[in-house]
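Q: Given next are the chains, with one letter for each unit.
There are 2 protein chains.
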Amino acid sequence: MYKGLLFVVSGPSGAGKGTICRRLSEKLDIHLSVSMTTRAPRPGETEGESYYFTTEEAFKEELAKDGFLEYAQVYGNYYGTPKDKVKEQLDMGKDVVLEIDIQGAMQIRKNYPAGKFIFILPPSMAELRKRITGRGSETEESINLRMREALKEVAYIDKYDYCVVNGELDEAVNRVEAIITAEHSRVSENIYELIQQYKDEV
Amino acid sequence: MYKGLLFVVSGPSGAGKGTICRRLSEKLDIHLSVSMTTRAPRPGETEGESYYFTTEEAFKEELAKDGFLEYAQVYGNYYGTPKDKVKEQLDMGKDVVLEIDIQGAMQIRKNYPAGKFIFILPPSMAELRKRITGRGSETEESINLRMREALKEVAYIDKYDYCVVNGELDEAVNRVEAIITAEHSRVSENIYELIQQYKDEV
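Just so you know, the protein sequences line up as chains R and Y, in that order. So for the first sequence, my numbering puts the first residue at 174; every next one is plus one. So for the second sequence, my numbering puts the first residue at 174; every next one is plus one.
Bound-form chain R, shown alone (with noise of 0.2 Å):
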């Protein structure tokens, strides 16, 4: 049977990752990574679905027991990708399209290095400022220290497999889905299948 395929969407903050990753799970039939955390649920989020909600002891025990694809400990909570659920879903045949940050993909590169990995961009370090200062939150010196950060981020850009630069929102989607298409192309991803049709034929 088919193995699925993980594509793993990164970028700075800001860069509109997540837009693209809702509208590419509303358009194809693939599945959006979800993240254990020990931090509390808030309102309106839900098991399952938002996080997999735990305690900080669960999630030490799957830690040492080498659980997550990448893991992270945020004002004191931790966040992870449990390595099962990805793998279950692989093995249905489904993508699984997961969203991170630039330090959570080098731990998958490592991890999963068959994964393709896409770096969304902003359109331009000026756009990306209006977008972070759009959201209204952060002071002047908050949106510098970003700003600066995802220079950094940036610079991280050849450990991806591809890019994609997040002008015009359908037209990204439309090239991660084209990215998607061709990935599931590729001779290295058919071979065992092709040999397998064609002697079956002879």
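No wet-lab data here; the hints were simulated from the structure. Don't take each hint at face value.
Any copy, or any two copies together, can satisfy a pair, since identical chains are not distinguished.
DMTMM-like mimics (lysine to aspartate or glutamate), calculated; alpha carbons at most 25 Å apart, straight line [to be verified]: (1) LYS176 <-> GLU344; (2) LYS332 <-> GLU356; (3) LYS283 <-> ASP334; (4) LYS267 <-> GLU341; (5) LYS267 <-> ASP334.
Please arrange chain Y on chain R, whose structure you already have, making use of the hints.
A: Relative to chain R, chain Y alone:
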């Protein structure tokens, strides 16, 4: 300026690579590569569109100058893909799509490894036989010979980057289009431009 990419569309005869390429050229702003030949023009063939028609002397002169991406001699006539014509289009930033048999593709792979190699497959060997038979012009013996040839050719698939099964034509054309879009989204194809852009902004 952006440099075009060379897409080599290849596969056994009867797989439908010619039809796919014509459809692509109607949909996309690409250049379909035109071969040079020493064979005489047939009624309806036009210079520079069907072929570049030339003399054997001129062809051999080009050959001596290593002027072809690939060439072959068939029934006493020479056929070849002029390097300079392809290069001219790529330099203008235009993608070139080149339809060619497997032997030709293997030569191009050596002469232009940056090319993207796409193998067009019939949905099954039974369907391929039907297509070859459907042309009506061949004897049982020559059909069997071509089927054996096609099987030998499919074995070259691991020298290609992508494979596309041509069962439903529109679907196959869309897949090749997705491959073209995806290859333009490769980090390796964009890294130089990106560095320039972000350097200018900082």
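Q: Now tell me, hint by hint, if it's right for this structure.
A: Each hint tested on the structure:
no. : hint              : result
1   : LYS176 <-> GLU344 : between (27 Å within a copy, 21 Å between copies)
2   : LYS332 <-> GLU356 : both (17 Å within a copy, 16 Å between copies)
3   : LYS283 <-> ASP334 : both (14 Å within a copy, 24 Å between copies)
4   : LYS267 <-> GLU341 : between (27 Å within a copy, 23 Å between copies)
5   : LYS267 <-> ASP334 : both (20 Å within a copy, 22 Å between copies)
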